[in-house]
Amino acid sequence: MSTLWTYARSNIERTALIVAALVILMALFGGLLAPFDPLKIDFRSKILPPSPEHWLGTDGSGRDVLSRLLVGAQMTLASTAVVLVVVATFGCAVGIFSALVGGAVDNMLMRLADVWLGFPPLILALGFAAALGASLEAAIWALIFSWWPNYARLTRMVTVDILSRKFIASADALGVGTGAKIFRYILPNAFDVLIVQVTLDISAIMLAISGLSFIGVGAQIPLPEWGAMIADGRSYVANGWWIVLAPGLMIFLTAFSFNIIGDMLRRELDPTSRRR
Amino acid sequence: MTYAIQRIAFSILSLFILLLTTFLLSHVMAGDPAIVAAGPNAGAAKIEALRQQMGLNDPIFIQFFIYCGSILRGDLGTSWFTQQPIAQDLLRELPPSLELVLLAMLINLAVSMPLGLITARYAHSKFDDMVRLVVMAGAGLPVFWIAILLQQIVAGNWGLLPIAGRLSFANRSFSGPTGFYLFDSLLAGNVSVFFDALAHLLLPAIALSLLFTAVGVRITRTSMINEFRKDYVTLARAKGAGEARVMFRHVFPNGATPALTVFGMQFGWMLGATVLVEEIFGRPGIGRYAIKAVTQSDIHAVVAVVLIIGVVFLVANLLVDILVYALSPRKQRAG
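For the record, the sequence lines run as chains A and B. Numbering follows the working numbering, with no gaps: position 253 of the first sequence is 269. Numbering follows the working numbering, with no gaps: position 271 of the second sequence is 296.
Be aware that a few hints might be false.
Said to hold, decoys possible - To spell it out: a stretch of chain A is covered by chain B in this simulated footprint if at least three of its residues, at any positions, have a beta carbon under 8 Å from a beta carbon of chain B; those stretches are:
id: 1; segment: 44–58
id: 2; segment: 80–87
id: 3; segment: 93–102
id: 4; segment: 123–133
id: 5; segment: 275–284
Unchecked claim - What follows is a set of in silico ranges between Cβ atoms, one per label pair, in the way DEER data are often shown:
id: 6; chain 1: A; residue 1: Arg25; chain 2: B; residue 2: Phe208; range: 31 to 39 Å
id: 7; chain 1: B; residue 1: Gln109; chain 2: A; residue 2: Leu20; range: 39 to 47 Å
id: 8; chain 1: A; residue 1: Tyr23; chain 2: B; residue 2: Arg262; range: 33 to 41 Å
id: 9; chain 1: B; residue 1: Leu131; chain 2: A; residue 2: Arg25; range: 32 to 40 Å
id: 10; chain 1: A; residue 1: Ala97; chain 2: B; residue 2: Ala351; range: 43 to 51 Å
id: 11; chain 1: B; residue 1: Trp183; chain 2: A; residue 2: Asp208; range: 18 to 26 Å
No lab work stands behind these hints, which were simulated from the structure alone. Every value quoted in this text rests on a predicted model; they were computed, and no experiment measured them. Every residue, glycine too, gets a C-beta built ideally from N, C-alpha and C.
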């Protein structure tokens, strides 16, 4: 954490780090801080503008927007995290395997990844939702299904590069086993490149998940997932702008912050993009 | 020539995997296709009859070949909710979406190309840093959120552009042979319909293009920076070529080609992203059709949309790759 802070070179980057930390805290403990029940419907207090009691107002069913944002942070961010962890792990495994085996298998796996990479994840997710039924889980599966080739390609590229270095030749001469080679040499050396990619992908995956929820094939209304909240608030946008503005702003600020952090990490960790 | 054959073989392989995916989605993952096809209120006898008729007792790979055969004949099945052949539905819904995507792509290119070139020329300047920040912000914008805000503020509050639909009420009876209203209206010499259609397209196209433009600027910049570092640029400068000549005559054509590949891919992604925009702006189109199909659990219609967008994606990439190949003299010699 403190290392991250020393990477920051401008106030914009420091702000992004603070925002990202706050959002993560919100995802972890937001439920405890929520002043109201995020699902409790109360039509007597519907579409109330922001006030000392309801800081961000209430939505079309009288639910407290702030409480919903706090609870929803967990849904949006946890789904993003699940997708990224699975995709990075699986993609890494395929990429390292492909690079180590080489030859025809390598060629075929990478062709497959190329084909896969192309298809618009949003549309593939629609297909998944139609086949499995619309839910946050279906959306997560769809994104996992369509995103792993990114990591397979990247890891393969990095692994091939690592395998060509001298320390691998020395390790081979010493008779180091394949498992040890992967965990002691390849993964630690590939880590920097991967962490940059993961950070940059956070915003893309978050946008995809909230987009899927918005069109009704991810988290279902009335769940307080941020995209679903925007879908729910759409019909009130003319007389209750805060209902749509607040969750959208949260998505935007989180995505923007992680983009800045990813950019910063790339500058600090990726040798190919050093400033000349 | 070898390159073209390899490239086409790759497209065919991609098409095969696409068909396999849509087959798995509609015939395996969705549960028993006979029950699906029979509809919600069918009895056991009808389901068994359908099972025989659809060949579901055959081995799965034979089913897959039958499936591919009917798709290649243009038979995508019948939609429940429109009660029409899906292929016919898609032919009707595709033009409005393509029109939207083409305009969004035009905006994307018109912003990305010059901004990418300028930020590459003045890399790491104040201006470059500012654009980089704006671009990172753009890449964090939820398309559907921006669409709602644009609609509410620009169309609703300021009344500058129409709120929804494809044409105004006065022009509601307009129709043309291609379904691309911008094209059809010019063909009919009807300028007022042209501008009406354009006004209706503007907000959705801007909303759709923002995210992709953010990526486009970055890609163009990276690709141009690589060009500026090459020896021929130094040589051109040494020979006394002006900076404008270096930028537009030398760097731009060379740097634009690798970026084109990404724009080609973006075309398919944009067509996919119409699901986030069309519904909001009440425009007919393939995205709105897909959402309707999902909410009606019309699996075959949804999968047909997946298939058609996949095919558009493959064709767009193939065309762009062949174009890039044709533009690059080095590859021609090697191939």
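Each hint, compared with the structure:
no.	hint	verdict
1	44–58	violated (count 0)
2	80–87	violated (count 0)
3	93–102	violated (count 0)
4	123–133	holds (count 5)
5	275–284	holds (count 3)
6	A:Arg25 / B:Phe208: 31 to 39 Å	violated, 50 Å
7	B:Gln109 / A:Leu20: 39 to 47 Å	violated, 56 Å
8	A:Tyr23 / B:Arg262: 33 to 41 Å	holds, 35 Å
9	B:Leu131 / A:Arg25: 32 to 40 Å	holds, 37 Å
10	A:Ala97 / B:Ala351: 43 to 51 Å	holds, 44 Å
11	B:Trp183 / A:Asp208: 18 to 26 Å	violated, 48 Å
Figure legend: structure checked against the earlier numbered hints; hints not met, in rising order: 1, 2, 3, 6, 7, 11.
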